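In case you want the letters, here they are:
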Amino acid sequence: MILLSQLINGVLLGGYYALLACGLSFMFGVMRIINLAHGDLAILGACLVFFIADQTGLSPFIGLIVMLPVLAVGGWALQRWMLERSLRAGLLVPLLTTFGLAIVIENGLFEYFGADSRSLAPYIGDFAFDSWAITDNIYIGELAVLIFAVAVVLLGGLKLFLNYTSLGRAIRATAEDADTAELVGINARAVYAVAAAIAVATAGLAGVFLAMRETFSPYSGPTQLIFAFEAVVIGGIGSLSGTLVGGIVLGVAQTFGAQINPQGFLIAGHLVFLLVLAGRLVVGAMRARGGMHGLFARRP
Amino acid sequence: MSSKTGFIVERWTRLSAATTVIAAALLIVLAFGPLLFGANVVDNLTNLFIYVILSVMWNALAGYAGLISVGQQTFFGLGAYFAIQLSYHGVAVYPALLLGAVVAALVSLPISALMLRLRGGEFAIGMWVVAELAHLLVVLDPLVNGETGVSLLALTTFNPDTRRDDNYWLALASMVVLLAIVFALLRGRLGASVQAIRDDEDAATSVGVKVMRGKWTIFFLTAFGCALAGTLWLATSITFQPNTYFGVQWTAYMIFMVLVGGLGTFEGPIVGAVVFFLIEFFFGQTGVWYLIGLGAVATLFALFLPRGLWGTVEDKSGLRLLPVGYRLRVPGPEQARAD
Chain A
277 MILLSQLING VLLGGYYALL ACGLSFMFGV MRIINLAHGD LAILGACLVF
327 FIADQTGLSP FIGLIVMLPV LAVGGWALQR WMLERSLRAG LLVPLLTTFG
377 LAIVIENGLF EYFGADSRSL APYIGDFAFD SWAITDNIYI GELAVLIFAV
427 AVVLLGGLKL FLNYTSLGRA IRATAEDADT AELVGINARA VYAVAAAIAV
477 ATAGLAGVFL AMRETFSPYS GPTQLIFAFE AVVIGGIGSL SGTLVGGIVL
527 GVAQTFGAQI NPQGFLIAGH LVFLLVLAGR LVVGAMRARG GMHGLFARRP
Chain B
-19 MSSKTGFIVE RWTRLSAATT VIAAALLIVL AFGPLLFGAN VVDNLTNLFI
31 YVILSVMWNA LAGYAGLISV GQQTFFGLGA YFAIQLSYHG VAVYPALLLG
81 AVVAALVSLP ISALMLRLRG GEFAIGMWVV AELAHLLVVL DPLVNGETGV
131 SLLALTTFNP DTRRDDNYWL ALASMVVLLA IVFALLRGRL GASVQAIRDD
181 EDAATSVGVK VMRGKWTIFF LTAFGCALAG TLWLATSITF QPNTYFGVQW
231 TAYMIFMVLV GGLGTFEGPI VGAVVFFLIE FFFGQTGVWY LIGLGAVATL
281 FALFLPRGLW GTVEDKSGLR LLPVGYRLRV PGPEQARAD
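Sequences listed follow chains A and B, in order.
Taking our numbering, the leading residue of the first sequence gets 277, the next gets one more, and so forth.
Taking our numbering, the leading residue of the second sequence gets -19, the next gets one more, and so forth.
What the hints contain is simulated information worked out from the structure, not anything from laboratory work.
Bear in mind the structure is a predicted one, so any value in this text is a computation, not a measurement.
Just so you know, not all the hints are guaranteed correct.
Derived CB-CB ranges, DEER-like [said to hold, decoys possible]:
1) B:Phe284 - A:Leu279: 38 to 44 angstroms
2) A:Val521 - B:Phe138: 51 to 57 angstroms
3) A:Val346 - B:Ile2: 53 to 59 angstroms
So the derived list for chain B, only partly shown, Cβ under 10 angstroms to chain A, looks like this [said to hold, decoys possible]:
4) Tyr68
5) Ile272
6) Gly273
Glycine included, every Cβ here is placed at the ideal spot set by N, Cα and C.
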C-alpha cells in the first residue's frame, strides 16, 4: 500500500517535471538552443509572484496572470537581444551567454530577496496541503493533481497548437529549416521570438507551482534546470509527449530513492538519467537521437 | 619550408622566438618566487597559477575540442577528495596530492565513454549532472562528514612557511608542465584534428580524423588538469568542503577567464586568468555584485567580442607571440630567389 502511494506521488511529481521541462524542450526543438538559464527563469517567475503576493496580499493565482505576460515579454526580449546574436556567432555561443545570464539572474535575485527560503504555500491557504483520501492509507494531494493536470493540458495544448494552427505550422516549418521557411514567406525572427516567449512563460508557470509545493531560494534555479534536462533526455529529446514520460520516470525514481536514503532522492534521479543514456548507447539506439534534429519529426 | 605554390609556411617568427625567450626568463624569475617575494605575494601567485591551470584546461576543452562543459568541477572536487582519502590511508601528503589527481583522471575514463557521445548542449548539462552526482556520492562517505567537510590534517604538520613555499613551487611546476603538454599537443597532429572536430565533426570524420580519440585525449588531459587544480586548492586551503569544491561557480570562473582572454587561442586563457585574478583581488569582497559582474561581462564578451581580449589583438595585428600554429606568407622577391 505504501508502495502504491509512493508510486502515485512519484507520477504526480513527474507532472511537475514535465511542466518544468516543457519550455526547455520546446526551445531546443525550435531553435536548437539549450537554455542554461531555464531554471533561473522559473525561479524568477516564482519570485515575481511571491513579490506580488507579499506586497498586495493578492492570491498567487492572480499574481500568475500578471507574471505570465511579463515573462513572455521577457522571453521575447531575450530572443531579440541575446539569443539571436548568440546563434549568429555559433552553435555553442548560446550555451555561454545563457550560462552568463543564469549567473546574473540568480545573484540579482539574491541581492534583492536575500538567501532565505520562501514559499507561496502560506498564500494559498489549505490548498497547499489538502488531499483526497482514496483509501485509509492513500492520500492524493489536490495541488499535486492540479499541477499534473496543468502539465498534461499544457503539453497537449502545445501539441495541438503546433499541429492545427497556422502559427504552429510556421513554428514547425522554421524548426525544420529556417532559411527555407523564410523563402515561403514566414518571418523566422518573429517565430523564434514567439517560441522564446512561450518557453520562458511556461518556465515561470512551473516556478510558481514549485513555490506552492515547497520552498525555494534565489539559488534553486540550477537544480530545476538539471531536473528539467533529465526529464527531457529520459523522454527522448525533442518530443513533447516523451517529456511527460521522462518527467514521470524521473519523479518515480526520485520518490523511491528518497525511501532508501535522505540523499537518495537526488542520487536516484541522476542515476536513472545516466542509466537511460548508457542503455541507449548499449542498444546502439544513439542514432535515434537523430530525433533531436526535429522536434516534430514523425517517429517511424 | 616552402612549397610549390610559392607560399611559405612558417611556424617561428622573430617575434615568437623573442617572446618564447621572454616567457622562459619570466618562468625562471617565478621559479625563485619564494626567495624574492613576501608571503602575501607568494599566496596570491599560487592562486593565480591555479586559475591559469583551470582556464587553460577549460579552453583546451571548449576552444580547441569544441566541448563546452558545465561540469569540470567534477574533477576539481574528486581530485581533492581522492587526495584526502589517500592521505588518510597512509600515503605521504604531497604524493597523495599528485596521486589524487591521477585517480580522478582515471575516473574520467568511464565518464567520458558516456558523455563524449553527447553533443553540444547535451554534453554541457550532462557534465553538470555528473558533477552533482559526484558531489552527492562524495558526501555519502563518512570520512567527509557531510557538507561540514574534512581537513587534510597531514599538511598541518608542516611549518606554515615551508608549506606556503612548497605549494607555490608545486603549483608553478604543475602549471608549467600542463601548459607544455597543451602546447605540444596543439602543435602536433592532435591539435589539428581536434580543431577539425570542433569546426565540423562530420566533415572531420569523413576525412579520416579519429574523432573519439581526439576528444577523449583532450577530455582526459583536462580532467587531470582540473583535478590537479583541485588538489592544489586543497593544499592551500587545507579544508575540503564538498559544496565549495563541487560548486558550479568554478565553471563560471573558467568560462569568464576563457571568454575574456580569448576562446581558442593559446595565450588568451592566461591573459584571462590574470584579468580574473585582478578582478577578484579588487572586487572579490563585494560578494554578489562581483558575481553579477562576472556573469554580465562573460555574456557581453561572448556576444560582442567573441575572440576575447587576446584573440582580438591577434586578429587585428596578426601577432602570434608563441609558435602554436602555422602561418602562410607570400614570399618577397629576395626569398623567392633563394628558393
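Hints, one by one, checked against the model:
1. For B:Phe284 and A:Leu279, the Cβ-Cβ distance of about 56 angstroms falls outside the hinted range of 38 to 44 angstroms, so the restraint is violated.
2. Separated by about 56 angstroms at the C-beta atoms, A:Val521 and B:Phe138 satisfy the suggested range of 51 to 57 angstroms.
3. Remark: the range hint 53 to 59 angstroms for A:Val346 to B:Ile2 is upheld by a beta-carbon distance near 55 angstroms.
4. Hint status for B:Tyr68 relative to chain A: violated, with the closest Cβ pair at about 22 angstroms, above 10 angstroms.
5. Checking B:Ile272 against chain A: minimum C-beta separation of about 5 angstroms stays under 10 angstroms; hint holds.
6. At a threshold of 10 angstroms, the smallest CB-CB gap from B:Gly273 to chain A is about 9 angstroms, leaving the interface hint in force.
The earlier numbered hints that this structure contradicts are 1 and 4.
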